[in-house]
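Chemist: Using the hints, position chain L against chain F.
Residue numbers (this note's numbering), protein chains in the order written: chain F, 1 to 165; chain L, 1001 to 1166.
Source of the hints: derived by calculation from the structure; they are not laboratory data. Hints may contain errors.
Said to hold, decoys possible - Straight-line Cα separation of at most 27 Å, BS3-like style, residue types lysine-lysine; simulated pairs:
| # | chain 1 | residue 1 | chain 2 | residue 2 |
| --- | --- | --- | --- | --- |
| 1 | L | K1127 | L | K1040 |
| 2 | F | K40 | F | K126 |
| 3 | F | K4 | L | K1040 |
| 4 | L | K1043 | F | K4 |
| 5 | L | K1127 | L | K1043 |
| 6 | L | K1127 | F | K4 |
| 7 | L | K1004 | L | K1043 |
| 8 | F | K4 | L | K1004 |
| 9 | F | K40 | L | K1004 |
| 10 | L | K1043 | F | K40 |
| 11 | F | K126 | L | K1004 |
Stated by the list, open to error - Computed footprint of chain L on chain F, listed as stretches where at least three residues anywhere in the stretch have a Cβ under 8 Å from a Cβ of chain L:
| # | stretch |
| --- | --- |
| 12 | 12-21 |
| 13 | 46-58 |
| 14 | 83-93 |
| 15 | 101-115 |
| 16 | 138-149 |
We treat Cβ as the ideally placed atom computed from N, Cα and C, and that holds for glycine.
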Amino acid sequence: MSLKDAHFVLLAGVTGTTIGTPLADSMQGGVISDTVSLVKYHTAYFCLLLGARTGSTAAPVCTIVPISSVGGTTTTAIPFEYKLIATPDTNAAWVQASTYTVVTGNSQAVIFRVAAENLPLVSGVKYEYCYLNLTEPANDPQVGACLIIMDDARYAEDTTDIVTS
Amino acid sequence: MSLKDAHFHQITTVDGTTAGTPFVDQYDTSINSDVVSMAKYNKCYFIYYWGTNAGTAGTETLTVIPCDDADASNTTTAIPFRYKYITQPDTNAAWVAASTVTTEAAVSGMTIIEVNADDLPLVSGVKYEYVKLASAETVNGAKLGGIIIIMDEPRYAQDVSETVTS
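Next up, chain L with everything else stripped away, as it sits in the complex:
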């Protein structure tokens, strides 16, 4: 299946709590993406992008956290993923397997995080089917940035896809 069968997600940013729509100093201190369900998708892509970066030095460390529900009532150890860094406008690096990644210290950049449903853990017999991207600021950069999420490789195609946030 191609991207035409994907499901797109962009939450309104809540400063300091949830990252989504483009926002000034989006990644200040620490912030999470929305929590999404992979129940109907094999892949989840977090697209982490930014423009301005005061002094160009700002960086963040990204991890992928499994959760037991949409409210992230319980979380567990970060899981492995693959990432790809895009140098503007469109120099695409190869996918790299990792458990954590630090974003590039650059003005205008994008890091794509690919999460595979096969990597979601079983915790005390319960499958943690939800994930979120956690961003922890390493060097303060006051980036104007955002996060969109694309759910890809659905188990079956639908013209109107269901929400993955509840």
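Isolated chain F, as found in the complex:
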């Protein structure tokens, strides 16, 4: 399936809490993306979109955290693939990782690819939800946003169901 069958998520960002719609200090103190369900999708893409940056000391660290439900219990971070986009459109190859440290610099995009097969079974329960977690070692404000694209749908729908509840 192509992007025409994908499902798009853009949470309203809240400074210091969640990253979604663009904010001036998008990763202040560490933030998380919205939590999404992979029940109906094989792949989730977290698109971290970064603009102007103040300072160059604090490199945010990114992980993908599985969770039992929206607001539920989390477990150990899982592996993912990421792709770096240098402005305007130099696309690097996909790289496998379990953590990614953002390069300190203006204007870049990082695409995180999460496969449903990597979601864990915890005490017999499949953790079908996940989110992108960003920690900020020191405060270097950067304009940023994160949109999520749910891809490889198990079946196509003209109007897709929400994945955030």
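Modeler: Below, chain L without anything else, positioned relative to chain F:
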């Protein structure tokens, strides 16, 4: 093919000229996205997103303009496309066919524009293989927003895709 074979694009915003990375009052008056080539892709998606919207009333009218090269040396009449509106966080509307669309008057929103290579025109025997998204502000909203472009359905998959901006 899925999104893993897509090509991603985010240009550094140049205020008043080119929209890309998130920027304050991104869509003031009028602005264009970068120009991208569809030579190797069947679909181009312009993802037009924003957070703050002073007074919630700000809206823009979007059109898709074919160009003959990456510098947009020559452009021609806007072409049809499909769009999808996303109400935050993730209520996805169905695709709608249109030739122009006005964005929603809302804080935090996203409009996805899908361009099909089949709709690119032949002008005096020359295929206009490049496109850009044009945004004209209808109601001033000083939105903090950005545009990313995703080139999808490549004619063939590559691990490292080539740039589409030259």
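Chemist: Each hint: holds or not?
Modeler: Hint check results:
Proposed proximity of L:K1127 and L:K1040 is supported: the alpha carbons are some 14 Å apart, at most 27 Å. Our distance criterion of 27 Å between C-alpha atoms is met by F:K40 and F:K126, whose separation comes to about 14 Å. Taking the CA atoms of F:K4 and L:K1040, the gap is about 17 Å. The hint holds against a cut of 27 Å. Among the hinted pairs, L:K1043 with F:K4 is consistent with the structure: their alpha-carbon atoms are about 9 Å apart, no more than 27 Å.
As the CA atoms of L:K1127 and L:K1043 are separated by approximately 16 Å, the hinted pair is consistent with the 27 Å bound. The suggested pairing of L:K1127 with F:K4 holds, with an alpha-carbon distance near 24 Å, which does not exceed 27 Å. Using a Cα cut-off of 27 Å, the hinted pair L:K1004 and L:K1043 holds, with the two alpha carbons roughly 14 Å apart. Taken as a hint, the F:K4 and L:K1004 pair is honoured in the structure, with Cα atoms around 14 Å apart against an allowance of 27 Å.
About 17 Å separates the Cα atoms of F:K40 and L:K1004, which keeps this hinted pair within 27 Å; it holds. A hinted pair counts as satisfied when its Cα atoms are at most 27 Å apart, and L:K1043 with F:K40 qualifies at roughly 23 Å. Distance restraint check for F:K126 and L:K1004: the Cα-Cα separation of roughly 24 Å lies within the 27 Å cut-off, and the hinted pair is therefore satisfied. Only residues whose C-beta sits within less than 8 Å of a C-beta in chain L count toward coverage, and the stretch 12-21 of chain F has 4 of them, enough to reach three; the restraint holds.
Requiring three or more residues with a Cβ within less than 8 Å of a Cβ of chain L, the coverage given for the stretch 46-58 of chain F holds, as 5 such residues are present. A stretch counts as covered by a chain when three or more of its residues have a beta carbon under 8 Å from one of that chain; for the stretch 83-93 of chain F and chain L the count is 9, and the coverage holds. For the stretch 101-115 of chain F, the stated coverage by chain L holds: 6 residues have a C-beta nearer than 8 Å to a C-beta of that chain, and at least 3 were required. Coverage of a stretch by a chain is defined here by at least three residues with a beta carbon nearer than 8 Å to that chain's beta carbons; for the stretch 138-149 of chain F and chain L the count is 6, and the condition holds.
Violation of the numbered hints given earlier is absent; every hint is satisfied by the structure.
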